[in-house]
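**Q** Sequence:
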Amino acid sequence: MFKRLVAIIVTLAIILAAGWYVLRRPDIAFDRLESLYANAESKFMPMGESGRIHYRDVGPRKAPVLVLVHGFSASLHTWEPWVSGLRQDYRVVSLDLPGHGLSRCLNVAETGVPQFVEVIDHLTTELGIERFTLAGSSMGGHTAWNYALAHPEKLDGLVLVDASGWPKSDDEAASSPLVFKLLANPVARSVMKDLDMTGLIRSGLEDSFADPSLVTEGMVQRYAALGRAPCHREAILNLMTGRADRTGASDEKLAPIKAPTLILQGEADNLVPADHGRKFNAAIAGSELRLYANVGHLPQEEAAEQSLADLRDFLSGRVYVPGPAAEPAEIPAE
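With the numbering used here, you'll find the sequence shown wraps up at 408, consecutive numbering, no jumps.
Calculated directly from the structure, the hints in this document are not laboratory data. Please note that the accuracy of each hint is not assured.
Said to hold, decoys possible - Mimicking DSSO-like on lysine-lysine, the simulated pairs with C-alpha atoms at most 27 Å apart in a straight line are: (1) LYS242 / LYS332; (2) LYS242 / LYS353; (3) LYS242 / LYS228; (4) LYS242 / LYS136; (5) LYS327 / LYS242; (6) LYS332 / LYS136; (7) LYS117 / LYS242; (8) LYS136 / LYS117; (9) LYS353 / LYS327; (10) LYS228 / LYS353; (11) LYS136 / LYS228; (12) LYS332 / LYS228.
Claimed, not checked - So the derived label-pair ranges between C-beta atoms look like this: (13) MET314 / ALA356: 38 to 46 Å; (14) GLY202 / ARG106: 26 to 34 Å; (15) GLU291 / ARG352: 30 to 38 Å.
Glycine included, every Cβ here is placed at the ideal spot set by N, Cα and C.
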């Protein structure tokens, strides 16, 4: 009986090891990823000893500035509908956060909202941008409202798009997409970090849209490939382990925000419940809330036309203080 049990255990171990070997996917070099997902407007800013931040800076140099910050495991590509619709009238800066997109990691152990706030401040300072409107989606929204608290003197406005930060109730956590439940499990995280995540990425993206048919194969492959950039998997897992940090939202924490604030929220969001958008609206004095029926976690993509119209209406009412008239100097490449 004992020998039979040992044989079964060994057999299962061999099957699991074989499965891990078959599903394991190595890193993809940045040179390869840049050839696929950078474009003629892509620029790179050195930061720290080995970090490098990917960003795009388009539109008239003397126009009002809008800075766009993507969410968890995403990249600046999520903003392409907005960039296309705004670049004629606004200077639009979008960036990949460290450990995302084509940006290289800084300190993986410190990957999180405080680090992201520093990166935004460093980039805008290097670009000679003195004041701007800051928009963030999901985790990028979490970063944006923390930036508003840290650097209120620099903001003309704040835009929160299905922003995260409020603690989830047990019922809300239970309804989270499968990929987030797995990433929240320490054992699953340790196994998944080296595996082919394409299926789970597809499932997670479909959960992010009220209309899953909007998820294209190209979108899935982009998320999967960029997630395999060197150190990105470690950075993503570190973000999951540090999600319950001191940057979380509360009425008291958000009360000091005085920047004019627009809150955009999909009512069919499976990741950040619509009630969280209402909480931001209640906590930030004078803020405006726009709710989108039958729209999920990414209104900038799923409701691009309507969200862009609402954003334009908001931006047109902002008081703009122009920066230096001179063209900003290029940041030297690494």
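**Q** All hints are to be evaluated individually against the structure, with a verdict given for each.
**A** Structure-based check of each hint:
1. LYS242 / LYS332: holds, 25 Å
2. LYS242 / LYS353: OK: LYS242 and LYS353 at ~12 Å, within 27 Å.
3. LYS242 / LYS228: violated, 30 Å
4. LYS242 / LYS136: Between LYS242 and LYS136 the Cα gap is close to 41 Å, so the pair fails against 27 Å, i.e. violated.
5. LYS327 / LYS242: This hinted pair holds, its Cα atoms lying about 17 Å apart.
6. LYS332 / LYS136: Status holds; Cα separation ~25 Å.
7. LYS117 / LYS242: violated, 37 Å
8. LYS136 / LYS117: holds, 19 Å
9. LYS353 / LYS327: Holds, at roughly 12 Å.
10. LYS228 / LYS353: holds, 24 Å
11. LYS136 / LYS228: holds, 16 Å
12. LYS332 / LYS228: Holds: LYS332 and LYS228 sit about 12 Å apart, inside 27 Å.
13. MET314 / ALA356: 38 to 46 Å: The hint (38 to 46 Å, Cβ to Cβ) is violated, given that MET314 and ALA356 are roughly 28 Å apart.
14. GLY202 / ARG106: 26 to 34 Å: Given range 26 to 34 Å: holds, Cβ gap about 32 Å.
15. GLU291 / ARG352: 30 to 38 Å: Cβ of GLU291 to Cβ of ARG352: about 35 Å, so the range 30 to 38 Å holds.
Hint compliance for this structure: hints 3, 4, 7, 13 are broken, all remaining hints hold.
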